[in-house]
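*Asks:* Sequence:
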Amino acid sequence: MTDYEVIPLQSTPQPRRYAATIGFFDGVHLGHRYVLEQLREEAAQRRLGTMVVTFDEHPQRVLGRSDAPALLTDNTEKLSLLADCGIDACVLLHFTPTMAHLSAAEFMREYLHNVLPVDALLIGYDHHFGQPMSGEGFAQYVTYGAQNGIEVLPAHAYAPDTAVSDALRYSSSTVRKLLQQGEVQRASVVLGRPYQLEGRVTQGRQNGRKLGFPTANLSPTNAQKLIPRSGVYATRVVMDGRMFPAMTNVGTRPTLNNGRDVTIETHIFDFEGDLYGQLLTLQFVDRLRDEQRFETLAALVHQLNVDARQARRLLAAVHV
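Residue numbers (our numbering): 207 to 526.
For the record, the hints were derived by calculation from the structure and aren't laboratory data. Among these hints, one or two may not hold up.
Now the in silico label distances, taken between C-beta atoms and shown as ranges [as the list claims (entries may be wrong)]:
hint: 1; residue 1: D476; residue 2: Q509; range: 48 to 58 Å
hint: 2; residue 1: R223; residue 2: L269; range: 26 to 36 Å
hint: 3; residue 1: T349; residue 2: S436; range: 23 to 33 Å
hint: 4; residue 1: D446; residue 2: F500; range: 12 to 22 Å
hint: 5; residue 1: H334; residue 2: R252; range: 16 to 26 Å
hint: 6; residue 1: Q387; residue 2: S309; range: 36 to 46 Å
hint: 7; residue 1: G483; residue 2: Q509; range: 50 to 60 Å
hint: 8; residue 1: A276; residue 2: E497; range: 17 to 27 Å
hint: 9; residue 1: L269; residue 2: F500; range: 37 to 47 Å
The beta carbon of each residue, even a glycine, is placed where N, CA and C say it ideally should be.
Turn these sequences into a full structure, and let the hints guide you.
*Replies:* Take a look at the structure:
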């Protein structure tokens, strides 16, 4: 089979055998991290390495589903986050319609047994894989595993302090919903970090510079990544290993642009320099307000000054 790639995530020699878990792990949020923590514990007890089996593209997108979700993390981000969690290796499967028709038993035999050195499989509390069959659940996975020499283990659900988490469900769909509502601060609670976009700075109309707020116009490097709801945000910019406080407008710039194309424009506080062509990572910390149309440029500039003061205060108080 050539429809997969095994990617070492640590600099140490790779283990010979693994405990694995399967999933798309979009966002690698705190719920995912809790599963990965359990994976490491189970692997250590069995003297195995840890492996995440995932897909290079979201299965719903490959199958042409109209409800295929936008991404929280691209593959590069995902691999980096999995490495930070101490996972030894990641298997990127090239998902195809043919693979979608494999049953769980067939998937376990053809990939986990015949191809990958997997001795144990940790399955999330609400996770299913393979073409679904009526009545199939964890007990059947245990049976399939036994038939292939794989110990199948249950993962427990993440149970955060609800006083802190506001009873949020720790899932990728929750994060997407919060970002689509502009609730980036609550999304960061589920993610365990601010949501971020990577993009390259492109040439703009320099309207911001004329108003005293020069902006970097960001073109996302991955068009499948989710862009938060239109509005003005307190953000941070990571560039060349350094972090800068900033504020960002996501939207159509109704005062200057007559409500046409959606843009991402970031004003970096106290920064001077040419950013054209630079690769930036934008972290969304909090939302300041809705995007709005102003009757005069003077009114817009006044509001931008108010936004800047508020963003500076928020960013100074955040330590994530």
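*Asks:* Can you list which hints this structure breaks, lowest number first?
*Replies:* 1, 3, 4, 7
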